[in-house]
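Q: Put the complex together from the two separate chains, hints included.
If you want the building blocks of each chain, they are given just below.
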Amino acid sequence: MQKELWKGNEAIAEAAVRAGCRAYFGYPITPQNEIPEYMSHRMPEAGGAFVQAESEIAAINMVYGAAAAGVRAMTSSSSPGISLKQEGISYLIGAQLPAVIVNMMRGGPGLGTIQPGQADYIQATRSPGHGDGHMIVLAPSSIQEAADLMADAFDLADRYRTPVMVLADGMIGQMMEPIEWKQREGKPPAEKPWAVTGREGDGKTHVITSLRLKSDSNEAFVLSLAEKYRQIEAAETRFEEVNCQGADVLIAAFGTTARIALSAARKLEKEGVKAGLFRPVTVWPYPYGALRRLAEQESVKAVLTVEMNLGQMLYDVRLAVMDRKPVYFYGRTGGMVPEPAHIADRVREILAEVKKNG
Amino acid sequence: MADLSAAFPPHDVRIFVILGAYGAGKTEFSVNLALALAARGRRTALADLDIVNPYFRSREKSALLANKGVRLIAPQGELRDADLPVIPADLRTLLDDTGLTGVIDLGGDPAGARALAAFSGDLLSLHPAVWYVLNRSRFENADARRAIQSLQGIQAVLGLRVTGLVSNTHLLSDTDAALVREGAAFAGEVAVLTGLPVACHAVRDSLAPELADLHPLFPMTLRMNRPWEDNWED
Numbered sequence: 001m002q003k004e005l006w007k008g009n010e011a012i013a014e015a016a017v018r019a020g021c022r023a024y025f026g027y028p029i030t031p032q033n034e035i036p037e038y039m040s041h042r043m044p045e046a047g048g049a050f051v052q053a054e055s056e057i058a059a060i061n062m063v064y065g066a067a068a069a070g071v072r073a074m075t076s077s078s079s080p081g082i083s084l085k086q087e088g089i090s091y092l093i094g095a096q097l098p099a100v101i102v103n104m105m106r107g108g109p110g111l112g113t114i115q116p117g118q119a120d121y122i123q124a125t126r127s128p129g130h131g132d133g134h135m136i137v138l139a140p141s142s143i144q145e146a147a148d149l150m151a152d153a154f155d156l157a158d159r160y161r162t163p164v165m166v167l168a169d170g171m172i173g174q175m176m177e178p179i180e181w182k183q184r185e186g187k188p189p190a191e192k193p194w195a196v197t198g199r200e201g202d203g204k205t206h207v208i209t210s211l212r213l214k215s216d217s218n219e220a221f222v223l224s225l226a227e228k229y230r231q232i233e234a235a236e237t238r239f240e241e242v243n244c245q246g247a248d249v250l251i252a253a254f255g256t257t258a259r260i261a262l263s264a265a266r267k268l269e270k271e272g273v274k275a276g277l278f279r280p281v282t283v284w285p286y287p288y289g290a291l292r293r294l295a296e297q298e299s300v301k302a303v304l305t306v307e308m309n310l311g312q313m314l315y316d317v318r319l320a321v322m323d324r325k326p327v328y329f330y331g332r333t334g335g336m337v338p339e340p341a342h343i344a345d346r347v348r349e350i351l352a353e354v355k356k357n358g
Numbered sequence: 001m002a003d004l005s006a007a008f009p010p011h012d013v014r015i016f017v018i019l020g021a022y023g024a025g026k027t028e029f030s031v032n033l034a035l036a037l038a039a040r041g042r043r044t045a046l047a048d049l050d051i052v053n054p055y056f057r058s059r060e061k062s063a064l065l066a067n068k069g070v071r072l073i074a075p076q077g078e079l080r081d082a083d084l085p086v087i088p089a090d091l092r093t094l095l096d097d098t099g100l101t102g103v104i105d106l107g108g109d110p111a112g113a114r115a116l117a118a119f120s121g122d123l124l125s126l127h128p129a130v131w132y133v134l135n136r137s138r139f140e141n142a143d144a145r146r147a148i149q150s151l152q153g154i155q156a157v158l159g160l161r162v163t164g165l166v167s168n169t170h171l172l173s174d175t176d177a178a179l180v181r182e183g184a185a186f187a188g189e190v191a192v193l194t195g196l197p198v199a200c201h202a203v204r205d206s207l208a209p210e211l212a213d214l215h216p217l218f219p220m221t222l223r224m225n226r227p228w229e230d231n232w233e234d
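Protein chains in written order, with my numbering: chain A, 1 to 358; chain B, 1 to 234.
To be clear, the hints were calculated from the coordinates, so they are not data collected in a lab. The model shown is predicted, which means the values in this text are computed figures rather than measured ones. Careful: at least some of the hints might be erroneous.
[Claimed, not checked] Calculated lysine to aspartate or glutamate pairs in the EDC-like style (CA-CA distance at most 16 Å, straight line):
1. 228(A) - 349(A)
2. 3(A) - 140(B)
3. 267(A) - 229(B)
4. 274(A) - 200(A)
This is chain B alone, in the form it adopts within the complex (with noise of 0.2 Å):
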């Protein structure tokens, strides 16, 4: 039987650009897919690009990042606690260093991709997988008609065209496998009416083993944890 995992995260693809709305999940994809490229040996990078949030953004990660070889691209110093709209200089490395593989992370909405249309004239001719992730449970995507309106509106700010979706309808620590199917089902439905295909189904790892049957499967172990659950790490 092919191992249909190896096929995910795609080898011919430089650079990753992860957005969408509010709370689908952006973070949490964008940290599993660098570790995840990292860990088949890839020199990768990610960039936190998220203008929007004040808590929860992927530079949290630093320690995890640095210990697992991915170079984090994020403001420095106090400007990494800060709510400032802050464009890390170092940005540019990820659009000249043609060995890094890098995930960009940005924030929700189209105010989130507006950090990185400055860059997106630049990306064009680097041709990114632009995915936008898709969380059924939240009100921006609970229908495929508001789903494709976030999508277009964030597309319009961006400045690039979305090039495939991720399926990652959770509820957090609420989540199980038939949400998981529910929220694939839906990420087919808005695949049939856009017209881009489905990149990858994002589960939790303890659900991957019911959800054999979705492909591509991306299992991620949760990192964006808050003090009070199981898997904090402290």
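Pulled out of the complex, with its shape left as it was, chain A reads as follows (with noise of 0.2 Å):
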């Protein structure tokens, strides 16, 4: 299969019609206005329903409605206009609707920048909307990887009856790389005997709803996605590691800002300091278990958590590694992205401390 040059939020939109997307609503913010430009004349041709909704809240209740209709549905925003979805989100959370959520963050707070962020984790993965939720959510660091997980996220709304995030920042969905399409393996579409669409015989009636009014009976709806989320954790985390067996240091970092760690860390090699990536491909559920193993190791002096934002993964890393290694966290916000010689500064100055406190 020959290489395409795409644009990231064009290759989001295509590999979610790909993945049998047929219903897309959303309104503009930039930076990822490509991916509703794009659905505008896309979907007509792949037979489905593109809505400039009035506004974000809106777009996200039509999805409500269209995933309750079995549907394959999505909408895409960036930070200030996912902000405005949270209500929907948890509603989608609440009636157990599969969709699909893509994020292109951008600075923040409030209307901030256009340029990247990645501020908006803490939302993401603590607090989509309110109540005991949660939601999946994907981090790629590639435009080939946002492509492939546009199709996971459809698979995994649908398996667990969930919605799904994409969070990307800005720079995944302006810039251009090479891509493959790849040719996915042909399952059969996934069996909604609950979505709404006309009883057809079918004596009962499919209610959807997030209102469950006795509370007993809405606590035991909240235990029973608990226990959703506990299948979810054992089975569908996932992350990437670099060079980390044997580290001196390792780096996390999710999404873009992985690969500048990357490029810090390949910096470092050349003086002779193994600085391992560690990069988390599902930020929901986060893979502790696996970062924990990797700072046990005897070599492993310290952590560095690199974002664009002040601290916010650095929750998660803390979590994962405990008292076990001195963690640290170097950051750039609002819309600036961190340089790969700022990380190796970083990265150079934690060694002389850790060394120094014995």
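A: Shown next as structure tokens:
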């Protein structure tokens, strides 16, 4: 298969269509506008529905409707627009509806900037809307991975009847990279016996709702969600490690920041400093066990978390590493991107400090 | 042996309008062309008229351009990083200052070409080179029919006729000489169908020695890099 050059946002949209997505609802915001732009002509071609909604809130509620009808549905936005969608995400969780939400993050808070950011990590991984819920959160670091993860996102959403977020920084949306369209194994479309498709002689009316007025049955429902989350944690946690075995320092980073961190690790390697890269692909569920085991290695003196925010995944890294090794942080925020040279400087500093502290 | 490289960029052109589909490589080509013109001792300006992309615009290379003596015509201050269709006021200088050589970098697709459409009447009398950058690795240019459709769509919005093709088939870091040759053959095919000449073959400098038989050959030093790439200037 010959490689083609794709812009991240377009590749994400095309991958969704190839994964069987037949309903897109969105509202424009930079840096993800190429997703609705592409969908506006591609969806009708594929026999699906494209709606530019009147707002982000309307769009996420349209996703709820399409998902309830059993259609593979998605929306996309960027940070401020994703904040608006939080209520709808909580409703999707509460109604156990499969849907895919793309967040092409920009620098916040508020309207912030249109430049890339990663400051929605905690929102995505801890608190998608209100209530005791979670969604699966996938963090691509290249256009190829973004395209591949879109297909996975729809499969995971159907398998677990849950919203799935693809959490990327604006750079993923805006840059171009060569990619290959992979032939995915032809899986039969997931059965959706719960979908609201009309009674069609089936005596029972399907009702999709997140309203459970009896608190004991609502508690039982939340506990069943928790059980589902345990299954997801056990089966779906993904990460990548590069040169982590026998490393002096581990650098934990996600998305494009991981590529910048890897570039810093290569600089350090030339000086004889072995820095390994630990990159979670699922940031919820977080690969705690894998990071803990790597940090436990005798060679590892410290763990450095690098992010395009002021320390959000840092909480997960601390939970994984605990007091086994010192955990440090380096980040740029508000739309600024970390430089490989500055990350390498931070690693040198940390190693000097660890040495001094004996 | 005649120095073929001396023929490019052409001496008798004062204004170069660079357009094409998304991802064709217009910005990389425009930045390199402006630097090449300045290196020949021509007083040069680069106008960043990209109103469709929020990132990876030629204005990001302001320090490099200033350092090499290229005047940058682009939105200033906070507007530099905005996603607003801003036409810089000093674009007029390019039209009026007859001693100035200008490269105009347009955003992709007909939407990007619209930024310059208001000036097409003034430009017409200056006989600009209007070059369509062609990258076969992008879906808009995957075959000759689509490439010509894209070219005509942009031309219609801009109100200026394309005068030449820039063969620029690439896959960023995955580009090799064979791909460039395929792209050159493709550009030849589009040239025959449209009657347009191939203005040049743009290639990254490291591939230039293997492709010396393509001419005019325009070796480029890649400038629009990402922070994790080897040639990132940090």
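Q: All the hints need checking, so say for each whether the structure fits it.
A: Hints, verified against the model:
1. Pair hint residue 228(A) plus residue 349(A) does not hold up; C-alpha atoms about 43 Å apart against a cutoff of 16 Å.
2. This hinted pair checks out: residue 3(A) and residue 140(B) have alpha carbons roughly 14 Å apart, not beyond 16 Å.
3. Annotation: proposed proximity of residue 267(A) to residue 229(B) holds, straight-line Cα distance about 12 Å (limit 16 Å).
4. Taking the CA atoms of residue 274(A) and residue 200(A), the gap is about 64 Å. The hint is violated against a cut of 16 Å.
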